[in-house]
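S.K.: What follows is each chain in one-letter form.
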Amino acid sequence: MAQEASSSTSSKTISLKTGDGEIFEIEASAAKQMKTVQRLIDDLGDDITIPLHNVFSKELPKIIEYYKKDITGEITKDFEAEFVKDLNDDEVKVLFLAANYLDANKLFEFLSQNIADRLESKSVEYVRKYFGVENDFTPEEESKLREERAWSFRGIKEDE
Amino acid sequence: MSLGIDLENEILAWLPPKSLMRFRCVQKSWNLLFETPNFYKKWRMNMSDCRSDHVIFYEKEPYVTLLSSDNLIHIRSLYYQAIEIKSYGSCNGVFCLSALFWFNSSWFDQLIMWNPVTREVHRIPPTPCLNSGSPLYGFGADDPNSTDFKIVRLHTTYDGTAEVYSLSTKSWIPTQNPPPFTIITRRHNSKFNTLVNGVYHWITNDPDDYNYNGANILCFDFRNNQFGQLIGPAFSYEDYSFLWDDVAEIESSLAYVAYVLQCNSPERVSLKIWVLDQSGWNKEYNINLVSHFHLCGLWKNGTQFFGGYLEGSLTSRDRQGNTICRFDQIPVGFTKYWVHEYMPSIAPLGTRQYIYD
Numbered sequence: 006m007a008q009e010a011s012s013s014t015s016s017k018t019i020s021l022k023t024g025d026g027e028i029f030e031i032e033a034s035a036a037k038q039m040k041t042v043q044r045l046i047d048d049l050g051d052d053i054t055i056p057l058h059n060v061f062s063k064e065l066p067k068i069i070e071y072y073k074k075d076i077t078g079e080i081t082k083d084f085e086a087e088f089v090k091d092l093n094d095d096e097v098k099v100l101f102l103a104a105n106y107l108d109a110n111k112l113f114e115f116l117s118q119n120i121a122d123r124l125e126s127k128s129v130e131y132v133r134k135y136f137g138v139e140n141d142f143t144p145e146e147e148s149k150l151r152e153e154r155a156w157s158f159r160g161i162k163e164d165e
Numbered sequence: 006m007s008l009g010i011d012l013e014n015e016i017l018a019w020l021p022p023k024s025l026m027r028f029r030c031v032q033k034s035w036n037l038l039f040e041t042p043n044f045y046k047k048w049r050m051n052m053s054d055c056r057s058d059h060v061i062f063y064e065k066e067p068y069v070t071l072l073s074s075d076n077l078i079h080i081r082s083l084y085y086q087a088i089e090i091k092s093y094g095s096c097n098g099v100f101c102l103s104a105l106f107w108f109n110s111s112w113f114d115q116l117i118m119w120n121p122v123t124r125e126v127h128r129i130p131p132t133p134c135l136n137s138g139s140p141l142y143g144f145g146a147d148d149p150n151s152t153d154f155k156i157v158r159l160h161t162t163y164d165g166t167a168e169v170y171s172l173s174t175k176s177w178i179p180t181q182n183p184p185p186f187t188i189i190t191r192r193h194n195s196k197f198n199t200l201v202n203g204v205y206h207w208i209t210n211d212p213d214d215y216n217y218n219g220a221n222i223l224c225f226d227f228r229n230n231q232f233g234q235l236i237g238p239a240f241s242y243e244d245y246s247f248l249w250d251d252v253a254e255i256e257s258s259l260a261y262v263a264y265v266l267q268c269n270s271p272e273r274v275s276l277k278i279w280v281l282d283q284s285g286w287n288k289e290y291n292i293n294l295v296s297h298f299h300l301c302g303l304w305k306n307g308t309q310f311f312g313g314y315l316e317g318s319l320t321s322r323d324r325q326g327n328t329i330c331r332f333d334q335i336p337v338g339f340t341k342y343w344v345h346e347y348m349p350s351i352a353p354l355g356t357r358q359y360i361y362d
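Taken in order, these protein sequences are the chains called L and S.
If you read the first sequence in the working numbering, its first letter stands for residue 6, the second for the next number, and so on.
If you read the second sequence in the working numbering, its first letter stands for residue 6, the second for the next number, and so on.
FYI, nobody ran anything at the bench for these hints, they're computed from the structure.
Just to be clear, a hint being listed does not mean it is correct.
[Claimed, not checked] Derived list of chain L stretches under chain S, where covered just means 3 residues or more per stretch with a C-beta under 8 angstroms from a C-beta of chain S:
#1 32-46
#2 105-118
#3 121-130
[Claimed, not checked] Derived SDA-like pairs (lysine to any residue); straight-line CA-CA distance at most 20 angstroms:
#4 L:111 x S:52
#5 L:111 x S:47
#6 S:91 x S:106
#7 S:33 x L:131
#8 L:134 x L:121
#9 S:175 x S:128
#10 L:82 x S:19
#11 L:111 x S:50
#12 S:277 x S:356
#13 L:67 x L:47
#14 L:162 x S:77
#15 S:46 x L:114
#16 S:175 x S:288
#17 L:111 x S:19
#18 S:33 x L:27
#19 S:33 x L:140
#20 L:149 x S:47
#21 L:67 x L:115
#22 L:127 x S:288
#23 L:149 x S:9
#24 S:47 x L:20
#25 S:288 x S:236
#26 L:74 x L:110
#27 S:33 x S:58
#28 L:134 x S:33
#29 L:74 x L:89
#30 L:134 x S:10
#31 L:134 x S:32
#32 L:162 x S:21
#33 L:67 x L:118
#34 L:111 x S:288
#35 S:33 x L:45
#36 L:134 x L:97
#37 L:149 x S:175
#38 L:63 x L:27
#39 S:47 x L:63
#40 L:111 x S:361
Keep in mind that this is a model prediction, so the values were computed, not measured.
Backbone N, C-alpha and C define an ideal beta-carbon position, used for all residues, glycine too.
Extracted from the complex, chain S is given alone in its bound form:
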């Protein structure tokens, strides 16, 4: 017996993303239904504890790998003719990526929004702004359920301007509130997802800078389009040799992550993580690892991490460094890559254009 569209919706809105993608083949109306914002909103309210999945981005390669507990999928050539794919993080299951091209003796950066589950893609038109000096990008939305995704573009050769692109208007609009005056010497995004409760973060200075007293963190709040600034945790920088430091989102809080070599024992690297709460920066983890361990990403909301040894497999480890899981199909090799965690969702982009495997 037929249940009728309303009762069908009640059941379908409880299905996980993989099942919904398969059931798009059931009939035409379902294929259209699963892309509607209304169905997404209903589905989103039901998905309280979804398992996270991962995307692997490679340095200097144009393809990505999707990693979930039962599946390993390589997507070849996510963007044709691109040299490299860079990620600016994810929001509500959608990634903001840039594809770098070499064309007509110039480098081009094509920004895209991409949903790894639906494979839908939205290509962002270039900004009409003339300032092209090494911009910083941030990605987010003003609401955890929103499908009006936004990108903020900040010019690092400081002229006090920034613009915001939103999916609903498909246009770049200069921000009303300019960023605070900061000398930005670090002109790349964090390796991690740095969107925390609608606020995107960048570190703007480098440990190599003369007089480094701590990380200077610039942030943009997508809820009210305002910039802000804060300082990272204070610790005795002289005792360590920095490999890198970054900001990250861990369990809905802002975290500062430092990967350092201890000056008195160079065979050991330490992964140090501080999390920001009401009382300030609290040191949460101090994980000691052997120096040729390749760190590849954080997992399970920062309570575990990915990594391995050269010519071994990718593994996930707990805070003591014990191996939890091995991914034998993913070797740790000379091609550097980074594993990004995200919440799979069916959030629609409204373009009905796709990039398939």
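Only chain L is shown next, with the shape it has when bound in the complex:
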């Protein structure tokens, strides 16, 4: 496929439709950073509205905000800190899943790190709930493990 001249795509916008029916605009160069979107554009053309069944109107504007900053090369540590500052742990998880669905690498990696930072000092119970995993240790097995690794529990508040 012949390479398109960048001037003809730089001002083009793509329409994205979320799973709950809302439409958002994004620049073509930002859409390129989300591999799922780019694949859909390649299949369906860039003139029609691209449907994103697994992304919703709460998350997509935030993702678009991130990539708008990215194409101008302005993503800094301060911007990233501001970006997640008001999000709670569950909101970040939803954004993380959306970035995964969209195959948006840079945002995905940043959110992976941010979630890890949030979980660093959390209790074992909190992490189980957060990842939706079941405890498959017997009570004896678990208490033995906890005793052996007692130093790693120091200074950590256990949940009630």
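Please arrange chain S on chain L, whose structure you already have, making use of the hints.
M.R.: Quick look at chain S alone, frame taken from chain L:
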């Protein structure tokens, strides 16, 4: 909602070692996952700037103390019935130690590899080699991300032989390339970690030797299993009385460290450090200290050091000798100890055998 194993891995591979050790209790699959070489490789690539931690080894004692910024942990009896634990340095967060035993009217040396974070231990089988005369040991790997840890054993009563043990084969194999001929009068390792970019170093002569013109440094490159030799910096040895000298790793370069008494002012000791780069040995530090200051180790990649005064606490100091930090739970007493810096990691040894606190 459950994220699924792949997405879980993406997040978990960014967690620091202490959190990962705690989250081993979350579920069985995670307990196994954190010990796999693949998870370690992924985790290692993410950990670009990890804070270093420390282990304190005591002279003539069988236990160690782990020291990190938020924690002070004593591990009693790291090795049961041992008289003493000696360190041969660390690589990728794993230490190589020897535990000295007195058993059946003989001394025995049990070599172990030990990860202070996971507490996993690997006991090294004795070498089948018959030469038992005061060997020198070196510890490393051929790659900064590797978990195939290796130990080189060099016989100081020179018969031109050395052997290498590797974790992957669990056996000792004689080296193809023999060490250069050197008369080795110093038969102990450096106090410091001397592994620099896959090359381990020993000083083989002593300042007390007749005609001492400088440190003779023998090295072994774990990347190609070759020995080499180089000379330490030249300086006017006659002006000083040596307390000790050693080689060390400072900021990924080889350093020569000398702790000397100045002949014309014996109340002052000087800590002198030279670092080797492309242009040769360059003197980096010359720190003057009062003579009854006990030096206990280097910190922050050699830019700070540990030490203190008898009956005081352990402190860390900058190059001017100013106190940065005090460790009130660690006294400077008559029991001599040395503080080793290392990078905490979850590098697996594959044995699933542990030594706990």
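S.K.: Report holds or violated for chain S covering the stretch 105-118 of chain L, Cβ cut-off 8 angstroms, minimum 3 residues.
M.R.: As far as the stretch 105-118 of chain L goes, the hint holds, because 4 residues have Cβ atoms under 8 angstroms from chain S.
S.K.: Can the restraint linking residue 33 of chain S and residue 45 of chain L be considered satisfied, given a maximum Cα separation of 20 angstroms?
M.R.: violated (39 angstroms)
S.K.: Taken at face value, is the distance from the CA of residue 27 of chain L to the CA of residue 63 of chain L at most 20 angstroms?
M.R.: Holds, at about 10 angstroms.
S.K.: If you draw a straight line from the CA of residue 175 of chain S to the CA of residue 128 of chain S, is it 20 angstroms or shorter?
M.R.: Holds, at roughly 10 angstroms.
S.K.: For residue 33 of chain S and residue 58 of chain S, compute the direct alpha-carbon distance and say whether it is at most 20 angstroms.
M.R.: With a Cα-Cα distance of about 28 angstroms, the restraint between residue 33 of chain S and residue 58 of chain S is violated, given a limit of 20 angstroms.
S.K.: Take a quick look at whether residue 111 of chain L and residue 19 of chain S sit within 20 angstroms of each other, Cα to Cα.
M.R.: holds (15 angstroms)
S.K.: Is residue 111 of chain L within 20 angstroms of residue 50 of chain S, Cα to Cα?
M.R.: holds (16 angstroms)
S.K.: Sort out whether residue 140 of chain L lies within 20 angstroms of residue 33 of chain S, counting only the CA atoms.
M.R.: holds (8 angstroms)
S.K.: Hey, residue 149 of chain L versus residue 9 of chain S, does the alpha-carbon distance stay inside 20 angstroms?
M.R.: Violated - the C-alpha atoms of residue 9 of chain S and residue 149 of chain L are around 27 angstroms apart, more than 20 angstroms.
S.K.: Next pair to validate is residue 33 of chain S with residue 27 of chain L; report whether the Cα-Cα distance is within 20 angstroms.
M.R.: Not OK: residue 33 of chain S and residue 27 of chain L at ~42 angstroms, beyond 20 angstroms, violated.
S.K.: Three residues minimum, CB to CB under 8 angstroms: does the stretch 121-130 of chain L make the cut for coverage by chain S? Let me know.
M.R.: holds (count 6)
S.K.: Does the alpha-carbon distance linking residue 111 of chain L and residue 288 of chain S stay inside the 20 angstroms limit?
M.R.: It is violated: about 44 angstroms lies between the C-alpha atoms, which goes past 20 angstroms.
Violated hints, in rising order: 1, 12, 13, 16, 18, 20, 22, 23, 24, 27, 34, 35, 37, 39, 40; the structure is consistent with all others.
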